[in-house]
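Number of protein chains: 2
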Amino acid sequence: MKNAHKKIGKQTVKLDNPPKIICTTSIVGPKEGDGPLKDYFDIILSDDTNGKETFEKAETSMMYTAIKETIEKAGLNEEDIDYLFAGDLLNQLASSSFAARDINIPFVGLYGACSTMAESIGLASLIMDGGYAENVIAATSSHFSAAERQFRFPLEYGSQRSEVAQWTVTGAGAMLLTHSGNSPAVTYVTTGLVKDYGIKDASNMGAAMAPAAVDTIYRHFQDTGRTPQDYDIIATGDLGLVGKEITSKLLLEYGYDIRDVYVDCGSVIYDNERQKTNSGASGCGCSAVVTCGYFYKKMLKGEIKRLLLVSTGALMSTTTSLQGESIPGIAHAVAIEYDGKLPCGSD
Amino acid sequence: MKNAHKKIGKQTVKLDNPPKIICTTSIVGPKEGDGPLKDYFDIILSDDTNGKETFEKAETSMMYTAIKETIEKAGLNEEDIDYLFAGDLLNQLASSSFAARDINIPFVGLYGACSTMAESIGLASLIMDGGYAENVIAATSSHFSAAERQFRFPLEYGSQRSEVAQWTVTGAGAMLLTHSGNSPAVTYVTTGLVKDYGIKDASNMGAAMAPAAVDTIYRHFQDTGRTPQDYDIIATGDLGLVGKEITSKLLLEYGYDIRDVYVDCGSVIYDNERQKTNSGASGCGCSAVVTCGYFYKKMLKGEIKRLLLVSTGALMSTTTSLQGESIPGIAHAVAIEYDGKLPCGSD
Chain A
159 MKNAHKKIGK QTVKLDNPPK IICTTSIVGP KEGDGPLKDY FDIILSDDTN
209 GKETFEKAET SMMYTAIKET IEKAGLNEED IDYLFAGDLL NQLASSSFAA
259 RDINIPFVGL YGACSTMAES IGLASLIMDG GYAENVIAAT SSHFSAAERQ
309 FRFPLEYGSQ RSEVAQWTVT GAGAMLLTHS GNSPAVTYVT TGLVKDYGIK
359 DASNMGAAMA PAAVDTIYRH FQDTGRTPQD YDIIATGDLG LVGKEITSKL
409 LLEYGYDIRD VYVDCGSVIY DNERQKTNSG ASGCGCSAVV TCGYFYKKML
459 KGEIKRLLLV STGALMSTTT SLQGESIPGI AHAVAIEYDG KLPCGSD
Chain B
159 MKNAHKKIGK QTVKLDNPPK IICTTSIVGP KEGDGPLKDY FDIILSDDTN
209 GKETFEKAET SMMYTAIKET IEKAGLNEED IDYLFAGDLL NQLASSSFAA
259 RDINIPFVGL YGACSTMAES IGLASLIMDG GYAENVIAAT SSHFSAAERQ
309 FRFPLEYGSQ RSEVAQWTVT GAGAMLLTHS GNSPAVTYVT TGLVKDYGIK
359 DASNMGAAMA PAAVDTIYRH FQDTGRTPQD YDIIATGDLG LVGKEITSKL
409 LLEYGYDIRD VYVDCGSVIY DNERQKTNSG ASGCGCSAVV TCGYFYKKML
459 KGEIKRLLLV STGALMSTTT SLQGESIPGI AHAVAIEYDG KLPCGSD
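Chains as they are written, first to last, in our numbering: chain A, 159 to 505; chain B, 159 to 505.
If we strip away everything but chain A, and leave its shape as in the complex, we get (with noise of 0.2 Å):
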């Protein structure tokens, strides 16, 4: 008996029933709206607070509101979801769990860092293909100011940042995965292992992840046989300048260029020198809001065709480094394709 006959290699599977992507929502924070990518947001807000009292009460409204203006878009109601998986940066997912609270879905929590959605939308995409739901919401959020404290200094310190210090995204991103409908399809999901290479700086996690993104992407193309030839984009998740360049030259090393297609989410969203975020940016936020909002909306223009979503995490806490642990990275990968027409929500 053939049991795991829809697993290719180790770490991928090929997806017979493809699931549709047919909505995103992207919201984001005023200073990743001023940023290179600012056209390409469903919503930005005017204040990072969203009119809420704390910084992790805005969060949570964030994605809330980017579940259910996924759901809204595609014509849809709370009822017609089966499941949502969700995770963020906060700790015990405090803004997915709230966030929940007042949506009438089966909730599935994840964590992965910043690898949260790429690990999401491939957990969405096993159980849509494998025929158990119609259709699964796939979110996660991150936001600066709550990432700060929680995990390095309240802003109030003025601590000062480190040179290769990222800035974590404001932000909330939020697809529909779907049976029909014509629109960008998950065709592959490789799952990442934990890699860790002994980095302990806390404030160098494009250093700290990069050898897993790595390995996913060896992975994906050894399981595979593609190729980075088979992508119009690779993209890591929140690498950073520092990750992204550890990451191309890796790669290198073990036979594989990806320089002319690889982007990193992180060191894209912001104009780094203007917007003084350093290495680039990071968060859950990050790939989720760059994924939903730019890479989305590029395919819906044929822009891009295949699109190799690697989302990056680091999975330190603030015990872990105070104990003096180094830092664990994972990467999760989901293909993405389309060469189709004009789904909904397209003009």
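Derived by calculation from the structure, the hints in this document are not laboratory data. There's no promise every hint is true.
Since the list can't tell identical chains apart, any single copy or any two copies may satisfy a pair.
Derived lysine to aspartate or glutamate pairs resembling DMTMM-like cross-links, with alpha carbons at most 20 Å apart [unchecked claim]:
| # | residue 1 | residue 2 |
| --- | --- | --- |
| 1 | K172 | E292 |
| 2 | K168 | E483 |
| 3 | K164 | D174 |
| 4 | K168 | E431 |
| 5 | K172 | D390 |
| 6 | K353 | E236 |
| 7 | K172 | D497 |
| 8 | K459 | D197 |
| 9 | K434 | D205 |
| 10 | K168 | D238 |
| 11 | K164 | D238 |
| 12 | K459 | E403 |
| 13 | K168 | E292 |
| 14 | K463 | E292 |
Following the hints, put chain B in place on chain A, whose structure we already have.
Frame of chain A, contents of chain B only:
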């Protein structure tokens, strides 16, 4: 086209190819090993630091050992396992992530607070049933001392415990799901909604989680057409004495009398009076070790044929509590059934 043909009702999937739980491992600390279920645990630590320098590293080591032991008992290697679904209570899933760092298996991090064991078994079962894997590990852990200082106060403060407080289980449980073999099998997966009835007392988690347990159990009966009489045991995760009482009563109001078959894992793992554990146990590890130890071994002996495991999670963080939020709860359920002969690991 009937795409979601495996879904019955709004929240439940009936598995066409019920994955078999061929091996489990339960590891507990000294207190759990001194309780009423001591004869059912595989490994009892004589020291709750497990020889490590911090409680967090002790928890990671328990999670690691539970996973490795389970794979070894089945006569398999890490390379044979397609996915590791795991989560824990520590911020950023430190226990799972750091255990996974030393284990060469594609890792999917989950967070459902103390509902994580049923969440991981449920997702693992869907992935198995769908043909995406030959072998999957589902695992969770918790540690009393690590949880106390993260969620409440460092032990050194000597804080008084509330009468309704629960004692976080020091323990880890892992199970291996596969396709063949004659073992207890996962037959139904009911995914929960987040429910919040306004409880704000973080030392009264049983009351906060009870509405979610009630909702998921009720939904399971509605979706499947089953009744309490179809189960030998219906087990909530860690509602403790207070939450258990609420759950029984509320379900009675909905027309289901589960009292004859109702066990709460958190109410049976300690001798609450002698061990001074007040309202009982809690923690991801609670339903994990009670299921991987006690229930699983009772099933192998034919003493339980049908189990409905309903792990229950309280989704607050210290930040949300300090910000005046109430405590959302969630419960996920899996049905595990066995009427057969002896699989691996039995006498």
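Checklist entry - Failing hints, ascending? => result 2, 4, 12 and 14
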